[in-house]
Structures are given as structure tokens and as C-alpha cells.
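Protein chains in written order, with the working numbering: chain Z, 1 to 362; chain U, 363 to 724.
For the record, the hints were derived by calculation from the structure and aren't laboratory data. The reader is advised that the hints may include incorrect statements.
Stated by the list, open to error - Computed cross-link-like contacts, PhoX-like style, restricted to lysine-lysine with a CA-CA straight-line distance of at most 25 Å: (1) Z:76 <-> U:615; (2) Z:282 <-> U:440; (3) Z:184 <-> Z:235.
Claimed, not checked - Here are some of the chain Z residues that sit facing chain U, going by a computed Cβ distance under 8 Å: (4) 244; (5) 280; (6) 281.
From the three backbone atoms N, C-alpha and C, an ideal C-beta is built for every residue, glycine too.
Number of protein chains: 2
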Amino acid sequence: MLAIKNALSAVKSRSLSRCISSCQIMFKEHGEPLDVLYEKTQDIGPLGPNDVLVNYRASPINPSDINTIQGTYPLKPKLPGVPGNEGAGYVLECGPGVSKLKPGDLVMPGEASLGTWRSAAVYNESQLIKLNPKLDIMQAAFLNINPSTAYLMLKNYVDLKPGDCVIQNGATSAVGIYVMQMCKLMGINTINIFRARETPEMTEATRQALLDFGGTLVVTEDELEAYEDIQRFGKIRIGFNCVGGKPTLALIKRLDYSGVLVTYGGMARQPIPTPIGPLIFKDLQLRGFWLSGRENQSGNKEARLAMLEEITDWILSGKIKIAPFESIPHTDWKSAVSKSIFKDDIPRNLPRKIVLSFPEIL
Amino acid sequence: MLAIKNALSAVKSRSLSRCISSCQIMFKEHGEPLDVLYEKTQDIGPLGPNDVLVNYRASPINPSDINTIQGTYPLKPKLPGVPGNEGAGYVLECGPGVSKLKPGDLVMPGEASLGTWRSAAVYNESQLIKLNPKLDIMQAAFLNINPSTAYLMLKNYVDLKPGDCVIQNGATSAVGIYVMQMCKLMGINTINIFRARETPEMTEATRQALLDFGGTLVVTEDELEAYEDIQRFGKIRIGFNCVGGKPTLALIKRLDYSGVLVTYGGMARQPIPTPIGPLIFKDLQLRGFWLSGRENQSGNKEARLAMLEEITDWILSGKIKIAPFESIPHTDWKSAVSKSIFKDDIPRNLPRKIVLSFPEIL
Numbered sequence: 001m002l003a004i005k006n007a008l009s010a011v012k013s014r015s016l017s018r019c020i021s022s023c024q025i026m027f028k029e030h031g032e033p034l035d036v037l038y039e040k041t042q043d044i045g046p047l048g049p050n051d052v053l054v055n056y057r058a059s060p061i062n063p064s065d066i067n068t069i070q071g072t073y074p075l076k077p078k079l080p081g082v083p084g085n086e087g088a089g090y091v092l093e094c095g096p097g098v099s100k101l102k103p104g105d106l107v108m109p110g111e112a113s114l115g116t117w118r119s120a121a122v123y124n125e126s127q128l129i130k131l132n133p134k135l136d137i138m139q140a141a142f143l144n145i146n147p148s149t150a151y152l153m154l155k156n157y158v159d160l161k162p163g164d165c166v167i168q169n170g171a172t173s174a175v176g177i178y179v180m181q182m183c184k185l186m187g188i189n190t191i192n193i194f195r196a197r198e199t200p201e202m203t204e205a206t207r208q209a210l211l212d213f214g215g216t217l218v219v220t221e222d223e224l225e226a227y228e229d230i231q232r233f234g235k236i237r238i239g240f241n242c243v244g245g246k247p248t249l250a251l252i253k254r255l256d257y258s259g260v261l262v263t264y265g266g267m268a269r270q271p272i273p274t275p276i277g278p279l280i281f282k283d284l285q286l287r288g289f290w291l292s293g294r295e296n297q298s299g300n301k302e303a304r305l306a307m308l309e310e311i312t313d314w315i316l317s318g319k320i321k322i323a324p325f326e327s328i329p330h331t332d333w334k335s336a337v338s339k340s341i342f343k344d345d346i347p348r349n350l351p352r353k354i355v356l357s358f359p360e361i362l
Numbered sequence: 363m364l365a366i367k368n369a370l371s372a373v374k375s376r377s378l379s380r381c382i383s384s385c386q387i388m389f390k391e392h393g394e395p396l397d398v399l400y401e402k403t404q405d406i407g408p409l410g411p412n413d414v415l416v417n418y419r420a421s422p423i424n425p426s427d428i429n430t431i432q433g434t435y436p437l438k439p440k441l442p443g444v445p446g447n448e449g450a451g452y453v454l455e456c457g458p459g460v461s462k463l464k465p466g467d468l469v470m471p472g473e474a475s476l477g478t479w480r481s482a483a484v485y486n487e488s489q490l491i492k493l494n495p496k497l498d499i500m501q502a503a504f505l506n507i508n509p510s511t512a513y514l515m516l517k518n519y520v521d522l523k524p525g526d527c528v529i530q531n532g533a534t535s536a537v538g539i540y541v542m543q544m545c546k547l548m549g550i551n552t553i554n555i556f557r558a559r560e561t562p563e564m565t566e567a568t569r570q571a572l573l574d575f576g577g578t579l580v581v582t583e584d585e586l587e588a589y590e591d592i593q594r595f596g597k598i599r600i601g602f603n604c605v606g607g608k609p610t611l612a613l614i615k616r617l618d619y620s621g622v623l624v625t626y627g628g629m630a631r632q633p634i635p636t637p638i639g640p641l642i643f644k645d646l647q648l649r650g651f652w653l654s655g656r657e658n659q660s661g662n663k664e665a666r667l668a669m670l671e672e673i674t675d676w677i678l679s680g681k682i683k684i685a686p687f688e689s690i691p692h693t694d695w696k697s698a699v700s701k702s703i704f705k706d707d708i709p710r711n712l713p714r715k716i717v718l719s720f721p722e723i724l
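Hey, can you work out the whole structure from these sequences and the hints?
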């Protein structure tokens with residue numbers, strides 16, 4: 001009886017109801033993305049009983065994707081592979097053993113390294129997270145990495161109270177923009193440091209854009225240096241650093257007693273010249289935040305789903321807007337990748353995150 | 363009735379049974395110690411009801427004392443003042459309201475900045491800690507700062523288990539010597555980094571001295587670099603840094619996942635060039651330890667007394683030896699202070715802590 005059931009299930013699991021090919025960007029060796037990436041159309045194999053066929057529609061390109069291709073990221077996917085840790089799409093078909101997902105559901109990958117730079121992919125049901133269908137595809141695509149990073153950095157290190165203050169550099173980054181919006185929701189002030197632009201007009205336009213996202217004080221490093229009344233924004237209990245190098249001192253210097261500096265990026269590619277005095281006498285802490293590390297470690301899926309639900313509610317109620325982005329069709333992936341590689345020159349305005357878009361599979 | 367009682371008590375409180383002068387080292391302004399320190403004999407005033415007259419017999423000179431005189435330490439005593447945060451002596455006389463101390467008791471200051479570089483001093487009973495009378499005066503004098511620092515750094519940051527490993531630089535320092543002895547007691551391995559001496563023979567003698575104190579591995583930084591089998595000493599979960607600057611990287615590099623680097627000194631007077639990758643991807647932490655800060659903060663006197671009792675037991679049972687020292691009579695204080703000022707040149711052998719000794723007041 002069991003044998004018959006298994007045989008039936010095996011037949012069923014191979015019965016993908018139509019022929020599907022996935023357009024995917026791939027790499028078979030590490031190197032500079034434009035040198036090693038190539039395009040490949042791949043036929044989608046039969047679905048196993050717990051498999052889910054996903055049609056990706058939007059896959060953001062993050063710095064960690066670029067670093068993964070370069071081979072400088074600690075997560076090393078098996079090669080040849082498809083890059084991309086983030087994306088959103090719709091379920092096209094499910095294997096017979098799939099119970100929590102159905103065709104039409106909006107989903108995102110629940111793990112890192114699942115490869116999102118492709119129009120279609122097959123995963124085990126357990127590897128996907130079902131999202132609120134009210135999210136539009138871009139809100140869904142950007143839900144995971146940057147908002148979760150902002151959220152967890154705000155929640156995990158110090159017990160922030162209304163009236164406290166957060167300081168951050170790289171304020172024009174997507175994480176920076178979510179930090180200032182979430183802080184505003186929580187009644188927490190933010191001091192946001194950004195680089196002056198080429199002209200005073202561009203600098204003012206960038207500042208205004210960040211103020212519109214809810215930043216309390218938006219200043220260049222020089223302006224902060226001259227700022228006299230910094231105390232009035234509250235106790236600066238935590239700093240978020242994605243720059244590294246000497247500019248990080250602007251944060252360390254202003255942390256309150258027992259403050260924490262959390263580093264989540266190092267765009268300046270320079271170590272932090274950590275002064276010993278404040279570490280000892282102000283009881284400061286330097287910590288690092290890595291979303292994938294924490295996720296892998298904690299294994300607390302329920303807490304993660306609750307967080308994603310809270311962020312979803314904020315987005316659907318308009319309390320949090322997604323950071324600026326530019327959608328580029330996957331056929332133009334070379335231009336999308338090229339625009340995503342970090343360059344030291346100062347952007348003219350607020351940087352936009354690049355997202356690869358894929359067509360709907362009908 | 364109350365008025366008569368108060369008057370009687372006032373009379374009593376002035377009745378110091380003999381004339382006492384204190385020989386004390388003082389400074390009335392900040393500067394280089396040998397420039398600003400001077401000697402002064404001061405008559406001891408009347409004892410208040412809760413006052414205790416202490417005859418200091420041994421007062422160690424710590425780097426923090428030198429920095430306090432230089433004005434670079436965050437604790438700023440009222441000037442003119444007597445330097446010294448550490449010392450041990452015997453109670454000579456007590457005011458009538460003193461209940462927990464009596465003449466002959468062995469005591470040490472229970473707070474920072476009480477000024478120990480003097481033969482006699484009057485404190486409120488609450489400012490003193492009564493020590494086990496079995497301790498000899500040198501064991502008592504060195505009980506507080508260095509052993510407490512080692513103890514609290516080992517207990518407060520990670521939950522060390524037998525078989526784990528601690529890495530430290532400045533291993534020839536007094537704190538370093540207590541760290542390796544306490545770790546040995548706790549079944550924890552230690553990797554101890556020291557500077558090579560002028561000759562190979564001196565280097566070997568220094569290494570042997572540290573091995574005799576219980577260090578598991580005692581190496582120069584170059585030797586550690588070439589060491590291949592570091593894993594066999596256990597998980598390196600915490601590092602203790604009193605050097606700072608680039609040499610600190612030797613510790614950071616070898617910390618295990620989620621390891622903590624605790625900085626308690628900065629003899630190299632250079633910031634720590636903290637690499638961002640390990641902070642983020644290895645979830646490392648940089649913390650600072652300041653004994654006075656923690657004591658002031660916690661206010662947990664019971665825990666502190668329990669710790670001092672545990673350290674006392676270890677010393678009395680011979681499980682922990684006090685770090686090498688040199689006792690210098692207070693009359694020769696200039697030489698004592700001069701020997702205590704940190705110099706960059708490499709010592710020929712194991713450095714000895716300097717302790718000012720004062721005569722018994724009979």
C-alpha cells in the first residue's frame with residue numbers, strides 16, 4: 001500500500017503541468033562581476049513532492065551579492081551558481097506534498113544564497129516565506145535585507161527609549177533611510193551623516209530628501225564638527241557605521257557613556273582606528289551586525305516572521321516608505337550590475353538601489 | 363539630653379590619644395610626576411565619630427596613579443592632593459562610632475582616589491575594607507587593582523569553560539600574570555604574548571618565568587605568527603589587550619567566532635586598527651574594562667567582598683602568587699616614581715611593580 005502511494009507520488013511529482021525555462025544570470029568562478037557573469041536559459045526540472053516553483057519578478061542587487069561574485073564574501077555558494085539573496089515573486093506550481101503555499105502566493109526566499117537573479121526557480125517549501133499579498137512586488141522585493149537590518153540593529157543592542165538618539169553615517173544608504181524612518185516611528189531622534197555633494201544645491205537636495213524620510217538632523221561630517229548643541233537631541237546611545245576608516249570617529253566621539261557602535265558595512269575599505277580611551281573610560285562597545293550570520297545562528301523563525309509582519313504593516317499603512325530604487329529589466333543585467341558596483345565618487349543625489357525585474361510567466 | 367550627648371561625643375572625637383604626623387607625597391597641579399610631586403609632613407587632625415586612622419605600610423604605584431598626576435586620567439582628585447589608589451595598612455585608632463573596625467585590623471581603601479602615598483590617613487569607616495589578617499602586608503597591598511582586574515575580565519564577558527582558551531598581550535604585566543594563574547586554576551588555557559628581550563637568553567628567562575606562573579603557551583608576536591597548531595589550546599573566546607595599536611591585531615585575528623576583545627590599557631598609545639570583516643562576519647566584540655568605572659557603576663559591594671575573599675583564599679593557599687614587585691622606602695619616593703613611569707624600551711627581564719613602603723607607627 002505504502003509502495004503504491006510512493007509510486008503514485010513519484011509520478012505526480014514529475015507532472016509539471018507546462019514547460020518552463022528560467023532565464024538566469026550565472027557565474028562559474030569568482031571575479032569582477034562583469035567579467036564572470038553570463039546569461040543562461042535553463043529548463044525547469046520536475047517538481048519533488050515538497051517543491052515549489054517560483055516566478056521571480058523583482059530581485060534587488062545588494063553589495064553582498066557583488067562581494068559574493070567577487071569571492072570576498074564569507075558565504076560561498078556552490079559554483080556554477082545563480083547570485084542573489086533577495087527577491088520576490090509568485091508561486092506558479094506546487095508539488096503534491098506542499099501544504100502551506102499555493103499558486104499565486106507572494107513569496108520571498110527565507111535563506112541566504114538561494115539565487116534570485118532568475119525568472120524561475122524551484123525550492124523546497126521550507127525555504128520560502130509567504131508574504132502579505134497586499135504588498136506590491138517592489139515592497140515585497142525590498143522587505144528583507146535592508147529593513148530587517150535596520151530593525152534588528154535598533155532592537156538588539158541597546159534598549160532604546162523615546163527621546164534617545166541614534167547617530168549614523170552613510171545616511172543615504174537604504175539601511176540609513178529605514179533607520180531614520182523606524183526611529184521616527186519609535187520617537188527616537190536621529191543624527192544622520194552624509195557626504196556633501198558636488199554643488200551646494202545638490203547637497204541641499206540630498207539633505208531635504210533625507211529630512212523628508214524623517215531624519216531629525218541631517219549633516220555632513222564637517223557640519224557635525226561645527227554643531228554645538230548636539231545634546232539637545234537626546235542621549236546618543238548607539239551608532240550605525242557602514243563606512244569604516246577615520247570617518248567612523250565622528251560616531252565614536254559622540255556616543256554617550258556605555259554607547260554601542262554597530263558596524264554593518266565598510267564602504268571606505270579601511271579599518272576603524274578605535275581610540276582606547278573611550279573604550280575604557282566611556283565603557284563603549286564595538287559590535288558588528290551581519291544579517292545572514294544572525295539568521296543562521298538564532299534559528300528563531302517565529303521572531304523573524306513577527307518582525308517581517310511588523311515591517312509589512314508599517315509599509316502597508318504608509319508609515320515607512322521603501323528606499324529609492326531603479327528597476328531594470330533582466331535583459332539589461334549588465335547595466336544593472338554595473339550600476340550596483342560601489343564607486344568612491346560622490347553621487348549627485350540620493351543613490352537608488354538597483355532591482356532586476358523579470359517578466360510574468362503565464 | 364541630646365545636646366549633652368553630642369557635646370560629649372564631640373570631646374571624645376577630638377581625643378586622638380597621641381600626636382601623629384603623616385609623611386605624604388603630594389601634588390598641587392598636574393604635570394610630569396617628578397616635576398610636580400613634593401613631600402609634606404602633615405599633622406593628623408581629630409577623629410570624627412566614624413573616623414578611622416590608618417597607618418599605611420605599603421602603597422603600590424600603578425600606571426593610573428602616574429596618569430592621575432599627569433592629568434590624563436578621567437578621575438581628577440581635588441588639589442592639592444595625595445596620589446595613590448591602592449595600599450594596605452593597619453588601623454591605629456577608631457572614633458567612638460566605629461563598629462566594624464578596631465585597632466590592629468588590616469585594611470585597604472574601598473574607593474578610588476583616597477590617596478595612599480602617605481604613612482597615615484583618616485577615613486570614614488565606610489571607605490575602608492577589612493582584610494584577612496593572615497595576608498602579609500605585600501599580599502594585602504596588591505590584592506585590589508591587578509587581581510580584581512584579572513578576575514572581573516575573566517568573569518564578566520564570556521562564560522569561560524574548562525578547555526577554553528584566553529589570549530593576551532602584555533603578558534609580563536601584573537594583570538597578565540594574574541590572568542594566567544587564575545586561568546590555570548579554572549582549567550583554561552592561556553596564550554601569552556610578550557616582547558622579545560635584548561638577548562635570546564633574556565627572552566628565554568622571561569618566557570620561563572611566565573611558564574612558571576602557569577602560562578600554557580608563552581610566545582613573542584613573531585613566534586605566534588609562525589605557530590601552526592594554535593587550535594589545540596581550545597576555543598579562543600576572549601582576548602585581553604593592554605597594548606593597543608597594530609599589535610592588537612595578533613589577538614583579534616585569533617579570536618573564535620563571537621569572541622570578545624577586552625582592552626584594559628594602551629601602552630603603545632595608538633588606536634586599535636579594528637578590521638571590519640571580523641567584526642561583522644565573526645561577530646566579534648570590542649569592549650573596554652575600567653575597574654574604577656565598574657566599581658562606581660555597580661555599587662555591588664557584596665559581590666566585590668566575595669571576590670576579594672576568593673582571591674585572598676587563592677593567595678593564602680599558595681594557588682596564586684603575587685606578581686613580582688620591588689619595595690622602596692617612601693623616603694626614596696623619587697626613585698620609586700621614576701621607576702614606575704612607563705618607558706617604551708624593552709625591559710631586560712620580568713618587570714617588577716614598585717611599592718612605596720612606610721614605617722610602622724608605634
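Q.
residue 281 of chain Z was flagged as interface toward chain U. Is the shortest Cβ-Cβ separation under 8 Å?
A. For residue 281 of chain Z, the interface hint holds, since the closest Cβ of chain U sits about 5 Å away, which is under 8 Å.
Q: Below or equal to 25 Å on CA atoms is what counts here, so check residue 76 of chain Z against residue 615 of chain U.
A: holds, 21 Å
Q: Mind checking the alpha carbons of residue 184 of chain Z and residue 235 of chain Z for me, to see if they're no more than 25 Å apart?
A: holds, 15 Å
Q | residue 244 of chain Z as an interface hint toward chain U, with CB separation required under 8 Å | A | holds, 5 Å
(Q) Does residue 440 of chain U sit within 25 Å of residue 282 of chain Z, going by the straight-line distance between their CA atoms? (A) holds, 21 Å
**Q.** Minimum beta-carbon distance criterion (8 Å), residue 280 of chain Z to chain U
**A.** holds, 4 Å
The structure meets every hint from the earlier list without exception.
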